[in-house]
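Colleague: Next come the chains, spelled out residue by residue.
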Amino acid sequence: MTRFSTGLPPSTLRQVQSVLLNASDDQLVRVVGLLDRLDGRGSADALIAPFRSRVAQLRPTRPLAFARLLFTPLDPLVMPGPEWSRGRLGVPRTALLPLSGQVRAELGGLVTGIDAMIRGGHTDDTALVLRAGTALWPAAAAVLERAGEPADWSEATGLGAAEHTAIARCAACVLAEGVWIHMQMRACAEGLGPDPDELRAWLEAAMSRRPEPPGALLAVLMARLPGAAALIGTAAAHPAHGAAPIEQAIDFLLDRLQAAPPHSTDPTETPTAVQRAVTLLDALEVPGPVQRPSRKPRVEQLRRMLDEGCRARFTQDLARQVLAPMADPAAPSEMASLEGAARGLRRLEIAGRQLGSGEQYDRMLRIAARTVGENGPRSLVERARLVEILAGPDAALALLQG
Amino acid sequence: MFIEAYQPATFRERGVSAPFTTPMLGGARLRAAPSRRGHVLETIIPNPAGRRGVYIVPWSDRGDLCRTTVHDTRLGDALAARPDLSSLCPAMVRLTGWVVAADGYAGGAAAATAQTLLRDRTARLVSAAARLDSALARHAAGAAPDPAALEGLAMVLADIHSPEGAPARLPGLIDAIGALAATLPAWSEAQSGPESVAAQAVGTAAELVHRGAVHLLRTAIGRLDQPAMLLRDWLADPAGVEQALGRAEWLLDGWDRLRLLWQVAVPGPAAAVLEMAALLPVWPDEVDSWLELPAGTGARLARRPGPPPRRWSDPAIVLDQIARNERLRALET
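So the sequences go chain by chain: A and B. Using numbering that gives the first Met the number 0, the first residue of the first sequence is number 0, and each one after it goes up by one. Using numbering that gives the first Met the number 0, the first residue of the second sequence is number 0, and each one after it goes up by one.
Same shape as in the complex, but just chain A:
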């Protein structure tokens, strides 16, 4: 495999990054596509490191490379290298390439078949991800369960052998159950999530299969499946592991919520991420085995932060994505894009109002609908469409009837 290195001195790398800072969305997506086509990205990743959150928002369809497939189940656990610390859950981004190389080397012939299967595929093909993942994830888990540190580990990560063991076992714990998790995620995306009893039975069995505390698995489940936070009690009562793994998973998720709050992420994912955060915070306030007085202030503080963040995001998106484009006759935007933005706002409002600011959202939506109805330069029917999405059919009919 050929590795790409920027080969650039730090000052030049910063110059290139400053050019990218001013690049249009389209240009940035093209640069990401160029990097995606490299066999080995190596230090080229440094070029786009400062723009990861922007790239996430643009959601370019990514080619389904081996490493991307391998770490798909681990996505909620991946964090920036400097944020990772020993003794806590998570997989530092810097560890992905060495771990992927290690799995490739150990799996031998199986890799050829997987590479052939995913050639030309993309990350949004969930059926292909599941098919290839079924071949890869359990085998990769078996490798990472027993592997020692690879030769490039220290250089790539700055971490030692003990950290490798912790990170590899954390990854293995999730990869071993990756197929089931991915199947449930696909079902949830269709609104057909697992039955609570079925999920409870599966969780008990999966925890029993793990010799080590399965905190990583619990964190991924709670991050990925909408109803998983309700299983805190089941996890805490596990006879072999006790409450420690679920406590660890909760602390990890609260840390991630603080470090990367859902209202600052990809707009299409924000409402779902906010909804999951609300479910988690609600679950932590219900009396039960993991409710600790010491956690209460933190949960309350996170709830306030989320509430304020969601309302700020709502106000900002309303202004930028609906009101400003609609009112600019020099750059008329597509009606479909305005409607999409209005629906995005409603989804955010629906998720966000559960944090306790329902009246404020109602007021903001009323103001938005009135502004659209009165000031939109578009046709009456088009304005009524936006008002209908924002404030409901009664408000739209009132506008149409003058």
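Hints are all accurate, no fakes.
Residues of chain A placed beyond 10 Å of chain B at every Cβ, according to the derived structure:
no., residue
1, Pro9
2, Asp35
3, Leu96
4, Gly108
5, Ala161
6, Arg168
7, Ser207
8, Ala282
9, Glu358
Computed Cβ-Cβ distance ranges for the label pairs, DEER-style:
no., chain 1, residue 1, chain 2, residue 2, range
10, B, Leu292, A, Thr267, 46 to 52 Å
11, B, Glu3, A, Glu82, 57 to 63 Å
12, A, Glu333, B, Gln225, 50 to 56 Å
13, A, Ala242, B, Thr182, 46 to 52 Å
14, A, Glu333, B, Asp119, 21 to 27 Å
15, B, Gly295, A, Gln359, 56 to 62 Å
To be clear, the hints were calculated from the coordinates, so they are not data collected in a lab. Where is the CB? At the ideal position from N, CA and C, for every residue including glycine.
With chain A's structure known, arrange chain B on it following the hints.
Modeller: What follows is chain B alone, placed relative to chain A:
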């Protein structure tokens, strides 16, 4: 009015499916009911709780059950105000739906589709009317048919047969249902759980509808091959002939949306097929005589897997479903 065991005797009693975008009106049907002031529009709404039964309410009282989108309000109001409401039929609902969508009430994409469909329909209608005029001149010179009846026959002909220009609508829809019937069994076998059972039920129904529609369309087109006899029959009983020729349309009513649900499959095929199973049109008793089936077949076919739980109390789901339903409108043919 709530009816738990709903088994209509005729297709007209079953009502006409409408391209509603309000999620709770998925599977709802409209029919004309006699009243002191002529006819009123009635809405037959599947039990919103997802259990057996239907609510039958005047269109004007629908607000007791749900809040309709502006598109649906416009569509229902337009139909309710029609002076010929008593002859409500699939073609009338479809045409009114296109007119409402063409104004933009279901979004820009649906408006563009509706405008195209209205243009195509006009062209087919003109062509069918010209063929009718020519046939009348040849086989029934001197007859003076009612212009409204003439237009009604031309509308039916335009949908079932088009010797030149744009293909007629029904043969294309029948092919699409045939393709659906061919696809679902294999998909069902690859699944487990309720979606597999639902796919079997929809596949079986699609197969029966396909076979029945092919038979009814062939019969209708067969009559077109004998224009002199057809016109003689029609001059004697315009409504009877129009209804006989339009049977395939009635049988297929509601299936356009089902095949679009499968085509779009949002948020995924399993959810789509469960929704399709819940929306399978009820078979009225009349289908037995139309398709020469043993008595009671319609009632037996009405049995189906239980509908999936409906979560219309979740505003996020309602929002997404409206957008999805508008997308279906943009794909109509």
